Amino acid sequence: MNSVKKKEHIKNNLHGALAIRLLQGVAIVSLVLATPFAAFADGEPDEQMQEMQDKLAEAMAAIQALSRTVSTLQNEIAIQNAKADNPSSSETMMVELDERVEELEDTVDTIDGRVGSRAVANAFDASKLDIGGFVDIATTLAIGEDKTEAAFNREVFELLVKAKLGNSWDLFVAQAFIRNAPLRFSDPAGRRSPFFANNNSPVVTDTVIAWAQYSKSDMFNVQFGRFITPHGIINIEHFPANLLDPEQPQFLRPFPAQTIFANFSDGLHVHGSKYVGNNKFSYNAYAAAWAGNSSNINVGGRLAYSFEDAGLTFGLNGTYGDRSSTRDANFAVLGADVLFQKGRWTWKNEVYVTDEEGAASKYAFYTMPAYKLTDKWTAFYRFDYLDTGALGGESFENALGLTFRPIFNTHLRGIYRWRRATSDAGIPAADTHVFQLSTTFNF
Amino acid sequence: MLNMFSKFALTSTVLVFMLFTSVDARAETYAVVVNAENGFSGDDGALRTQIKRLYLKEQSTWPGGQDAVPFGREDGSPAQLAFMKSVLGMIDSEFAGHWLKLKQIRGETPPRGIGSARILSRQIGKKPGAFGVVLASEAATIEGGKILFEFSTD
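Protein sequences, first through last, are from chains A and B. Under the numbering used here, the letters of the first sequence match residues 1 to 443, in that order. Under the numbering used here, the letters of the second sequence match residues 1001 to 1154, in that order.
The shape of chain A in the complex, shown without the other chains:
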């Protein structure tokens, strides 16, 4: 119904009501007025006069009531006419309601598109459940002094699951399915004949991370379980999807041993952070066992301070423990890291030195500047040095890489790595040239 018809309809209804009320009023007044005249003919004059006055009073009251009714009806007509003459309020309301219905329909459509007729997955006992993961694939060509080898040497699928158990409790698990053939050397000095170890081995599974966390505040969180050993920069970032070079520096290889410190720890981890103006202080402290010697507890931690405006973070790392459960092998690690991250530049640096009981000290460092060429392309270089203290244990690597992210969750990389094992006690130096293409898809 358009507004003109609506207006006429309202008017007609109100006029009808008014006419009925007027007719009723006239009928009442006529009846009241007629009654005394009829009585006048039969009764006494005084009584008749009194009765007539009473009737007159009633008639006046009826007229006043009728007048009020008419006035009310006239007001109603005026209001309705005003509304009909100015339809903006009702039309605005209708437009707004239409918009709201459209929004709701869009929302329902979005939800329906995601769910459709499929079953909705629910967590048994978690108030929130997030699932993601990644696939990391690499193919590598290694040209050594005595041998050249190539392989599709890494296919890793990792599933990440985060469950919110309660207001302050979370659970995080990273379960990996790994087919990995790391680069090794088959010659006695371990430097001339590259090969891919376990290249035909079946897929192995590894629970990379499995921790439950209680969060009291940003400053105080406690993790129990298996967590990434909180030292440095790259080991904390850890996952291939995060890394420009999925081959971690030499001191974090072989994976997951403990050349300097282990990639993962099993135990208790307390951590937190606090902003001080524009700067941020953070800490990590842990007591945990490492791979290969689960009967020993290592204690360690990291302190870091970030100057946000300058894009600089300084970290200090330290740990103490025992590397072996079968012999006395106490050790201490001291390390420092510096991260510069501003604009297109990211520059990571870490250095570690160890003191080993019954063995030579170890020393390692790397420096890794990276420059974002465009939103999608990044170039990086890494100089990486390791001295394990063992015979022939000194080596360095120069890695040059270009990475490309065509979309956010796809990371393609091309990396050239020149590895040199230096001469030591009559063992000649040897070079290996490694070309690797890798990609990480994450969801």
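No lab work stands behind these hints, which were simulated from the structure alone. Don't take each hint at face value.
As the list claims (entries may be wrong) - Keeping only pairs whose Cα atoms sit at most 20 Å apart, straight-line, the calculated SDA-like set for lysine to any residue is: (1) A:Lys-164 to A:Asp-125; (2) B:Lys-1101 to A:Leu-412; (3) B:Lys-1052 to A:Asn-278; (4) A:Lys-128 to B:Ser-1060.
Bear in mind the structure is a predicted one, so any value in this text is a computation, not a measurement.
Model the placement of chain B on the given structure of chain A, informed by the hints.
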């Protein structure tokens, strides 16, 4: 004659250029809106920094101790793009990289992105630690919410 023609052509070009640039440069004003109970205050820089830390989940509580409940807008929407540029100071790849890192390390996910300003307003009005971004013209009508600060896209 040629000179007059040149002047006319030059003037027309300038006018057309002004017309197009004025259309391109038309700036929208947005507002970051918080729950009415939120007592946090400070200068513009402090407010933006705090919102950035909470949205990016580098902090989980407001300075007063209230749990933060950040809301985003739909991916690619003008409001979300304006918020990323003017408040977070991030481009798409930086933003994606941040969440990729937090997902892998801590299992964190970005705040829920809400398409409808009305639904967002309702959430902000209901939850004490909530905040989100809406057009400044929409902000005034939010029941149970208040404007923390406004920003423009230019």
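Here's how the hints hold up against the structure:
At roughly 9 Å between alpha-carbon atoms, Lys-164 (chain A) and Asp-125 (chain A) fall within 20 Å of each other, so this suggested pair holds. Straight-line distance between C-alpha atoms of Lys-1101 (chain B) and Leu-412 (chain A) comes to about 17 Å, which keeps the hinted pair within the 20 Å bound. For the suggested pair Lys-1052 (chain B) and Asn-278 (chain A), the alpha carbons sit about 12 Å apart, so the restraint of at most 20 Å is met. For the hint pairing Lys-128 (chain A) with Ser-1060 (chain B), the CA-to-CA distance comes to about 17 Å; that is within 20 Å, so the pair holds.
The earlier numbered hints are all upheld by this structure, with none contradicted.
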